[in-house]
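Read top to bottom, the protein sequences are chains A and B.
For the first sequence, UniProt numbering gives the first residue as 1, with consecutive numbering after it.
For the second sequence, UniProt numbering gives the first residue as 1, with consecutive numbering after it.
Accuracy of the hints is not assured; some may be wrong.
Using 30 Å as the maximum straight-line C-alpha spacing, the simulated DSS-like pairs for lysine-lysine come out as follows [what the hints assert, rightly or not]:
{"#": "1", "chain 1": "B", "residue 1": "Lys287", "chain 2": "A", "residue 2": "Lys1021"}
{"#": "2", "chain 1": "B", "residue 1": "Lys209", "chain 2": "A", "residue 2": "Lys1021"}
{"#": "3", "chain 1": "B", "residue 1": "Lys162", "chain 2": "B", "residue 2": "Lys246"}
{"#": "4", "chain 1": "A", "residue 1": "Lys1021", "chain 2": "B", "residue 2": "Lys208"}
{"#": "5", "chain 1": "A", "residue 1": "Lys396", "chain 2": "A", "residue 2": "Lys585"}
FRET-style restraints, in silico, Cβ to Cβ [as the list claims (entries may be wrong)]:
{"#": "6", "chain 1": "A", "residue 1": "Ala52", "chain 2": "B", "residue 2": "Ile83", "range": "56 to 62 Å"}
{"#": "7", "chain 1": "A", "residue 1": "Ala83", "chain 2": "B", "residue 2": "Ile83", "range": "58 to 64 Å"}
{"#": "8", "chain 1": "A", "residue 1": "Lys1021", "chain 2": "B", "residue 2": "His218", "range": "21 to 27 Å"}
To be clear, the hints were calculated from the coordinates, so they are not data collected in a lab.
For each residue, glycine too, the CB sits at the ideal point set by N, CA and C.
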Amino acid sequence: CYKKEERHVRANDRDYNERFSYADNHIKTAKYNVFTFLPINLFEQFQRFANAYFLVLLILQLIPEISSLSWFTTIVPLVLVLAITAVKDATDDYFRHKSDQQVNTRLQNEKWMNVRVGDIIKLENNQFVADLLLLSSSEPYGLCYIETAELDGETNLKVRQALTVTSDLGDDVAKLADFNGEVICEPPNNKLDKFTGTLFWKDNKYPLDNEKMLLRGCVLRNTEWCFGLVIFAGLQTKLMQNCGRTKFKRTSIDKLMNTLVLWIFGFLICMGIILAIGNTIWEQKVGSNFWEYLQWKELTISAVFSGFLTFWSYVIILNTVVPISLYVSVEVLRLGHSYFINWDRRMYYSRKATPAEARTTTLNEELGQVEFIFSDKTGTLTQNIMVFNKCSINGKTYGDVYDEFGHKVDITEKTPCVDFSFNPLMDRKFRFHDSSLVEAIKLEEPLVQEFFRLLALCHTIMPEERNEGELVYQAQSPDEGALVTAARNFGFVFRSRTPETITLYEMGQAVTYQLLAILDFNNVRKRMSVIVRNPKGQLKLYSKGADTILFDRLDPSNEELMFTTSEHLNEFAGEGLRTLALAYKDLDEDVFDEWMKKLLFASTALENREEKLGALYEEIEQGMMLLGATAIEDKLQEGVPETIACLTLANIKIWVLTGDKLETAMNIGYSCNMLRDDMNEVFIISGHTMVETELYSSDSVFEETIIAEYALIINGHSLAHALEADLEQILVDVACLCKTVICCRVTPLQKALVVELIKRHKRAVTLAIGDGANDVSMIKTAHIGVGISGQEGMQAVLASDYSFAQFRYLQRLLLVHGRWSYHRMCNFLCYFFYKNFAFTLVHFWYGFLCGFSAQTVYDQWFITLFNIVYTSLPVLAMGLFDQDVNEQYSLRYPNLYRPGQLNQLFNKRKFFTCTLQGVCTSFILFFIPYGAFMSAVRDDGAHISDQQAFAVTIATSLVIVVSAQIGLDTNYWTAVNHFFIWGSLAVYFAILFAMHSDGIFTIFPNQFPFIGTARNSLNQKIVWLVILLTTVVCIMPMVAVRFIKADLYPTHTDKNFRRVRRTSSRRSAYAFAHQQGYGELITSGKNMKIPTASTSTYPLSSPARGNSVVKNSVVSGTTDAAETNSTGFRRESDQNQEVTVEDLEAR
Amino acid sequence: MMASSYSAKEEDGHHSGSAGLGGTAIRTRKPDNTAFKQQRLPAWQPILTAGTVLPAFFIIGLIFIPIGIGLFVTSNNIKEFEIDYTGTDMSSPCFNCSQSFSWNSTTPCRCVLFFSLDQPFESNVFMYYGLSNFYQNHRRYVKSRDDSQLNGDERSLKEPSKECEPYRTNENKPIAPCGAIANSMFNDTLDLFYIDPNGTQTQIPFIKKGIAWWTDKHVKFRNPSSSNPNLTAVFIDTAKPVNWRKPVYELDTDPENNGFINEDFIVWMRTAALPTFRKLYRIIQKKNNMTPTLPRGNYSLEVTYNYPVRSFEGRKRMILSTISWMGGKNPFLGIAYITVGSICFFLGVVLLFIHHKYGNRNNSSDIPN
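Next comes chain B alone, as it looks inside the complex:
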């Protein structure tokens, strides 16, 4: 085979290319002319220009400030009353109770606090208990529960999860409900009395159902063998949590609110995110439109002081509050909205100024990079 050398390289390459591959082969090696493969997919290319960014800031400012004001006003209109009954002060009526506490004392310690409401609470009033410095969000605390036991699983009832240690068994009997959360359930009893100007005390009626989430009450928490109405029999081979005064099946007399589906219990079991928290205790329903739910005047709070918090410098509070569309009193959100809205608006002004003063105004030839 002979070839003049000056074009040999080209020549042979050419031949191996075109002669070796038939027409079809050539076509298959050529990449497809699709928008995807050629990176020509149609696309929207937003760019941050003065025309889009500045209005965005102003609009956010103009929307946020009214929302913030609305939130702030709503929050201010919510009536809230809070009273600390921990009893750390010598002067506090609950001082004695808080000092002389023991888990297994048989006689409950009672104390009474008096307070007055300056304004009537018009609509439904919600009564909360609040705890401070209580680490319901500690990892070992949070995981110390057995959800299948609480869901009524028979096997878990007999054989609670290891996560419940060291509140898993007591005297060789499985604890129901097991775990640290259940064991530390809040068990103060709070009663509220209205003191007429003439001195008579009338107990304010509480509603104790409907304080837990519907899903918790009906799905997440279930008594074992719900077909058997006799809870005492169901829990027969179990021990009560160490700190409890009565077993789980005696939490309430109402069978719909007893055992694991006791709403106080359910509320407690929904662990708080932060070490200072409040939990719904009772609801005071509005009787009629004529009288406020809680008229202004004097009240007394009768506390059955069962729950010790002194050791860890905890605080216990009772909170009465009305609610609105945004829930309870929450000044933070309103202020935050007003602040953010104002900052956005201000930033918009600053940016507008910068853009006008220094900006690259004829950026038609500008390539954003």
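Same shape as in the complex, but just chain A:
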């Protein structure tokens, strides 16, 4: 089929395109409809091993020779299990139907699902729904700005430009409808930065590349509308191709449980065989002599055949060791735990009205076992907001607030802001707290003015003023936006620009500067400059850039200022701020003319143009005068460093995987305290092919790893090499030795590969957290995927298993909910297996005394109801509500998370312990009554050692023993626990007496043969003495063992919280979110637009929109301890520890 190699898309021709049956945008995830539900659901349910097994049992029970139990003992639980599961499946599917419908009918003039390949669609500031070929846009030259943060995490704007032929179509709908070009391009693939194709239109061929593509997931910015031709839709879009396959996630406990069920099954077969052999021998030695009293029917003469039948009979009566209700109970527990996550107010983000949501209900206990967290950066760790925070002007810092005694005041939401009302053009959202800077401006200090003038002039921002005074800046990087906005508020308003001029409003006065040159930014230069002529005719060069770069190019007279500024820069960097140095230079007319000529010449050069230009820029950017430095805060989400510190203490390794640049990633690493200056070495691997050697060079880490702390930073290209088969082991080893791992410039698929790598090599539980479409693949790959909700993009959330609005909730999700879930689930499973073994194996012991005849010990009704009525609710209540340690403790002592990671609470050994306990209990349960009943009679001389009284005694002991055991296992007795535990006992006795009552016997004499047994045995003191003895013998050893464990090996070890220190390495901001090439765009005037009178009242945004990080706050979970104090602390005596929490401040 030829479409494998290339793809034909003809515009506005659905019939033609449909021939290729390309994927469309329609989404269907629901499984059933009303009519197919029952058959399909039942079919699916019986595909499960457990259910099929019980169906087989049921069939076996219908064979009279084998049947050792009535059919109802199996069918009642089975029907119950099937019904509960069916109800759950039905609810799930109902919600899937709803969400499908919602997505499919999402409106954007046209329903999403109706978008087909070959359609031409108009977009207005929205996410793209499919991969489009840009045809035309509202901007001149068919330019179109997009943000690709969803795809690759980069936050700067990108430009796309349509072909000239198509951009001429404009928004003329008639022309667009006539457009019938045909695109031939590559088949769907996952490469985000590559596209090759050809457009055939009007007998002409036009080459197409990635610069003309608008990919699904990108967001249209600063562009009113654009038209695009749908090339890929639905699953074939590059975004979806990058998403990875959705896999059904199972927890490790799930897998273990399946193994254990198989083991139990094997154990069951073994017991069956032992008892069958016993039966064969018995029939030969004893049974055949017993013939007179107990005749076989004709067909069952041979002892071997009898043994064979007995095997099946025992499989039936011992089936309760394979607990049918296990899976359902586990599902119920997980559902409950998920609801607790949904209901948690401390994971509710009120600013966006977003509660946490457990989207998958089957992974909860794995949250308590996480060892690796893979985090996205943009939008996850950071808020993606840049805030002009501090500055140093001419050796004086501004930005800190001092009280009347000269002490520095922590800036909080309540700190009064500087009043900018003198400035009508101010941005209302801008907040600054140090009023001395405004005073300096008002005093017209020349250097302060020059400082802000520089900020207002030296940039590549496009202004937009739709209504008078409503300025909107289109910044290509958030840093620049923050700086220009700061200048604006301090009275140097950048108002408009043409290719040759820049107009500022300096303290209300319109001043127009002639823009002579933009010395554009690039990664090597790490600075940008503009040369302007001010109204007085002076020539000025304004430059801003990385401090190290700029300091080398200063005039020698600046030495002293450089020294103080340098100190300030260190201070800023120490606070995690991104810094920039600013400098200016007065130019001589002659020198400039000379230089300008050289520049013009160089810019037309055909060879080495870049280098020549670079050299020229270098030439003029010398001998500059230092003005000062700015400090921008890349706002982290609230509580990120604290959360990271706490999770690190819980021995969780956090890796940052970002599509962003190395410098940005490192900066965030520093501000999150993941990278610190006291680390012994930070390995940066950014080679292209020499990766191998570089990796080997870090072998030295292995020797000295224990004492030293290392960090590893690796970029996408290197990662691609490192992920190859022969290097991945080394990568894993090196990376795991490092305290911190940051991968930058990675593609979405690489993120998934890294996660996959760790999953494969470390067998550890991984968690991926992200907010954008570029995180979807890793979210899907990791054991647990977490999406940051409340953002505009929904892809990550839709793919995630859990979602919430703030990174810091991760701490609570793991340390509180995850830990609880894990503990509860493990305790639940231990108890469940214990209970079933104790219950069932009594039959095994009895086999030796009843001729291996598969006679049950208990009443059949007791067998039917034991698991589903008598003992199900207390253990469910424990599994839902138990808290071994309350939430304050689990947050305060992250070490408590350790057992989950080490898988200590439920593993094969633990399973053996609890089954062994069950076996012992069953042994005691059987043999103590056996000993007592050998010669017992009632106190009126009548016999009591009959089968039914024996059954009632053992059953009652069993119920009491397992209730006592659950009482012992329950750490947190809520009213519900009390109700269920005492209630279960009460219900047991109520049902017992009801079933043994006269009334029910007269109605069904054959089904309830135990008439009167309860009355006649439970009124005997001896029976109660037996029950008491049995209970004590079963329970007290467990009490002793638990006590010794708690007394001698307390699991909590004292820990000292490592203070997280601030770092002080200087990092320049300018390099970060910026891209080369904007200077040219501006000077060429390409992106200039005749101001339109269109009205849009989109509110101006400013960086400091009140999101100030609550610094020095305690770890979030403890903030409202007052509220939780009432809930009954485990130990009230240590309020003093409450105080120590305050020391937990992460900074």
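Using the hints, position chain B against chain A.
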């Protein structure tokens, strides 16, 4: 629509959040602040500390040992006499009977055993027959009965349950009572004679009613059409169990103890839990306070030997026993209580020692995990 990009993400998110949802919507999305939903339910949190565990052990020890001693003493005070009359030995008087057995012999085989009681049995004496190696708890045996037939259901009388196979019908007539249990009913007759020192034998009077559970006698077992006093007519179309010598309506002459509600039959039908068991046979009531029920001296036990046990190496015993508040003689329970009580006490001491020597004594900061 224009926005400066550096805060665009935050901005739009904010708008979709707060502008899109009104104040009420926000309130509804916020989880309720209830103790249940916030997992703050008030709770009792018991922990195993030395202060609770150690006393528990000592208290259990201190309670169990006296109970055990009490049980042991009571059990020892109970008088019990047991005699095996199976007749496996050549020397045994019942040897001949046990050897020459056939189900359909018309003349019953009798044998007499002599024994003496060293001590008088003061209160009411209960006479049991005991069987060993008899698997009344075998599954096929246990289920081989029809409870509705025994409850007097007319339909089941005519059409007994399939469970009774192969003792369901005989010569095309339904067997009443059907099933293996009924068929194998114990039918030895035991008579007890007191031999005066002067040689005269006096038969000890037995009470044969009141040996079954009240519920069995009055609820579980009922004769069909109880209005008709003529049991012979009621059971007319039925066959007697194969091994029985007489039909069910001739078990006793007393109409209150005949048919299905014959107490010997009821006692037998209550199947024993273990292959060695005893069942109440007769009660010897105390006559007055002056004379013991069974004075010390010689006795003879006259056995009408109908019940074969030789084939499966079974044993038959006759047991005479008095009872107390705890029932019959039961040394196991007393010893078990004393043992468990002592072990608990000992464990308490060991734990106390461990706790003092190695324990984490200042566990105020200890987090039990």
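Structure-based check of each hint:
no. : hint                                : in the structure
1   : B:Lys287 with A:Lys1021             : 27 Å, holds
2   : B:Lys209 with A:Lys1021             : 24 Å, holds
3   : B:Lys162 with B:Lys246              : 24 Å, holds
4   : A:Lys1021 with B:Lys208             : 25 Å, holds
5   : A:Lys396 with A:Lys585              : 20 Å, holds
6   : A:Ala52 with B:Ile83: 56 to 62 Å    : 58 Å, holds
7   : A:Ala83 with B:Ile83: 58 to 64 Å    : 60 Å, holds
8   : A:Lys1021 with B:His218: 21 to 27 Å : 24 Å, holds
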